[in-house]
Amino acid sequence: DAGVIQSPRHEVTEMGQEVTLRCKPISGHNSLFWYRQTMMRGLELLIYFNNNVPIDDSGMPEDRFSAKMPNASFSTLKIQPSEPRDSAVYFCASMPGLGPQHFGDGTRLSIL
Amino acid sequence: KNEVEQSPQNLTAQEGEFITINCSYSVGISALHWLQQHPGGGIVSLFMLSSGKKKHGRLIATINIQEKHSSLHITASHPRDSAVYICAVPRGGGGADGLTFGKGTHLIIQP
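Chains as they are written, first to last, in this note's numbering: chain V, 69 to 180; chain Y, 19 to 129.
In case anyone wonders, no lab produced these hints; they're calculated from the structure.
Source: prediction; values computed, not measured.
Incorrect hints may appear among the rest.
To be verified - Per label pair, the in silico range of CB-to-CB distance: (1) Y:Gln84 / V:Thr81: 47 to 53 Å; (2) V:Asn119 / Y:Glu35: 42 to 48 Å; (3) Y:Glu35 / V:Glu82: 45 to 51 Å; (4) V:Arg132 / Y:Gly59: 27 to 33 Å; (5) V:Arg109 / Y:Ser48: 22 to 28 Å; (6) V:Met107 / Y:Gln128: 20 to 26 Å.
By construction, the Cβ of each residue, glycine as well, lies at the ideal position given by its N, Cα and C atoms.
One chain only, chain V, in its complex shape (with noise of 0.2 Å):
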């Protein structure tokens, strides 16, 4: 099993520019979800989605950012414009029903 994928592990770009990362869940998990880490806040729910559809995006902070999942084996989180405020590691996770989450390895954003 590969694990929860995503891409890329770092980045590093100038506010203003548009920002994709990736998430390729675990074959077979029905939710997905993305988290934001920063040392002040600590980890933070961002959206989930189950079986393709966003079940609750109130953790996304404003318009700027979006998240899609096309299909059940990939989704994004966009951040247009980026801000350095946006600056912290990004988690997807997945889960099989109700069992335990599976996080990937995190997106590790910089906004200069």
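Assemble chain Y onto chain V, guided by the hints.
Coordinates of chain Y only, in the frame set by chain V:
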């Protein structure tokens, strides 16, 4: 929304000591998660439990649903146990919810 409190925030101990990390939450839940994160590393799920006790190697997790409290114990601690341990619960209490996390316990085990 569930609130999660962990203690202690930081813990330094000597190799071989018995370690206890505590977690309390505010809203009834279907299950509680214990996670481990090494510095600069990814997040690994250690336990998901809804009642009683679970054991995996030197790690033991217990939960008291009535008191809304869980503990993570490490027996015969080793320097490789040094990591951040995070307690998490479903935001709305249900099993398929996104998680709300405690602030984590930074554990250092000295040889």
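Need the list of violated hint numbers for this structure, in ascending order.
none
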